[in-house]
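> The lines below spell out each chain.
Protein chains: 2
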Amino acid sequence: MTETVGDVGEFGMIDHVTAYFPATPEVELGPGDDAAVLNTASGNVVACTDMLVVGRHFRTDWCTGEDVGHRAAAANFADIAAMGARPTALLVAVSVPADLPLDWVKGLAAGLAAEASQLGAAVIGGDTTSGEQLTISVTALGDLQGRKPVKRSGAKPGDIVALAGRQGWAAAGYTVLSRGFRSPGALVGAYRRPEVPYEAGPSAAVMGATAMIDLSDGLLADLGHIAKASQVWMDLDSTAFVVPDHMRNAGEALGVNPYEWIFAGGDDHALLATFPPDVLLPDQWQRIGVVSAGQAGWVTVNGEPWQGNKGWEHFSKPDPTLS
Amino acid sequence: MTETVGDVGEFGMIDHVTAYFPATPEVELGPGDDAAVLNTASGNVVACTDMLVVGRHFRTDWCTGEDVGHRAAAANFADIAAMGARPTALLVAVSVPADLPLDWVKGLAAGLAAEASQLGAAVIGGDTTSGEQLTISVTALGDLQGRKPVKRSGAKPGDIVALAGRQGWAAAGYTVLSRGFRSPGALVGAYRRPEVPYEAGPSAAVMGATAMIDLSDGLLADLGHIAKASQVWMDLDSTAFVVPDHMRNAGEALGVNPYEWIFAGGDDHALLATFPPDVLLPDQWQRIGVVSAGQAGWVTVNGEPWQGNKGWEHFSKPDPTLS
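Note that the protein sequences, when read in sequence, are chains L and V. One rule links them: number in the working numbering = place in the first sequence (from 1) + 167. One rule links them: number in the working numbering = place in the second sequence (from 1) + 167.
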């Protein structure tokens, strides 16, 4: 019989899970006490939090616990990187049904730990409880290493818009899975475990990025957040986006325009930034558009409003911030 | 018609909620970007996280959103205080059903903000999503102000055991509510909005506390965590606990021995610490027992195993760590 979370109880589950968690030299005190203690090199701390709900942000028949651990950690560490900071640590809280297999939770811990480890970040704490709907909340911490945070509000007319990382792959993988398919593996894998260009965040900050965001709501929606916060007009050049063959083929097979995935998809956690026009773009960054004055808050593609789906919102209402 | 979360959408809800959140001089960047930035006075950061699920940790017919906000913040800030640290900030993630009244969520934000404000702490970030089961995850950050963290593992034979704060009041309030009553108000109020002796944490650290914990699993259960981590035997003196009149009366009316509430109740978030035997106990701290060698991990009352309920565990299994 499969051992469940209920079989081992809360404290048993904690022991199973914390065994996976990596420490780093910055961790003065890790999991197991009331709180953890982290030493910060630069005297400040960057912090963000994100909640994933089963059936909404992930499905247990599409993703293993390990996949979900990678995704949950990546979603938060990408936010840290988008401030120009280096991820240092995460905390995780989970609400799990008592009949959930213990192996799923161990996989979740392993995935969180692996994503943190590859960055030199630690897992320093957490909480477990039982609940009816599997829910995972991750908080990530980061270190600016003496730099100023790169906000959403700093884009200026004349700046160029640049992207680091893959865009649209995870959204395509989601469509593939939702139609009952399991391939192409590159797209499905991109949905299950995003490959975030974490180092591109600090390197953009070093090179003078004026605004930065991680793509979690969708390319156009997140461009809209910068456009609104910076009171500028962002225009994308669609020719900057080369549709990979597997994405084009999947689009043809599924009857989807691949630019829908590229412009509206967010689950890749690519990074988007604006730079002064004379910048030498750092590695991983590619020019995709320009910032203009004029219509503050507008987002356009080749100078025109995008006619397709704009992105993800959790309560099925149109986002009034998008033009 | 009552306006719901679904009516205003995710971004609308965020605007409503962040309006309540206090900033402090330590906040370099608050909510609204990918992540927040907090300046730390002492170069380290204390962090913990806690998840509350409706029907398990709170009921919307027993508590307002504002009550739940106070409780969720208090549960986390108490963990920070129990390390000997000063609370500085919190982040909150919520999963809410679309038909939840918007006013409930606004109350939650107001309660979180009020509990933080009274401590000079900020609310620096969060996440909202929709889900079937109302779930709240709070992460708190704190500052040790140059002190060493007070762990669970430092209790030594010969130390005294001391308590700061009310104990058993919230558990009694829970019993009152669960039997369908609404008074005495002092007990019900203690359940709805715990009064945590936050300052007692740092002051215990300054006075040389050897171990400290916040009471969230129950007095005996949390004593067990210290006993196990420190490999000592903790013995309580039951005569140190004076049962308040309203608790005694409620116990008689409900057929409950009030010591059940005192020894097994955790929702008051009182602080428990051990001190060297010659210490002058700081304000708010009261001696309740002694630490001995001998049976490592044992917890006793007047030298004997406690026969009643020992505390709270989330999957209804006996806790093997308790003697």
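These aren't lab readings, by the way, just hints derived from the structure by calculation. Hints are not guaranteed to be accurate.
One copy or any two copies: either way a pair holds, since identical chains are not told apart in the list.
[What the hints assert, rightly or not] With a Cα cut of at most 25 Å, we get these calculated DMTMM-like pairs of lysine to aspartate or glutamate:
no.: 1; residue 1: Lys-323; residue 2: Glu-195
no.: 2; residue 1: Lys-395; residue 2: Asp-182
no.: 3; residue 1: Lys-273; residue 2: Asp-182
no.: 4; residue 1: Lys-395; residue 2: Glu-195
Values in this document were obtained by computation on a predicted structure and should not be read as measured data.
> When Cα atoms must be at most 25 Å apart, do Lys-395 and Asp-182 count as within-copy, between-copy, both, or neither?
between (46 Å within a copy, 14 Å between copies)
> First find the shortest C-alpha distance between Lys-323 and Glu-195 inside one copy, then the shortest across copies, and answer within, between, both or neither for a cut-off of 25 Å.
between (41 Å within a copy, 22 Å between copies)
> Reference check for the pair Lys-273 and Asp-182, CA-CA at most 25 Å: within, between, both, or neither?
within (10 Å within a copy, 36 Å between copies)
> At 25 Å max between alpha carbons, let me know whether Lys-395 reaches Glu-195 within a copy, between copies, both or neither.
For Lys-395 and Glu-195, the Cα distance is within 25 Å only across copies (21 Å; inside one copy 40 Å).
Hint check: no violations occur; every hint is consistent with the structure.
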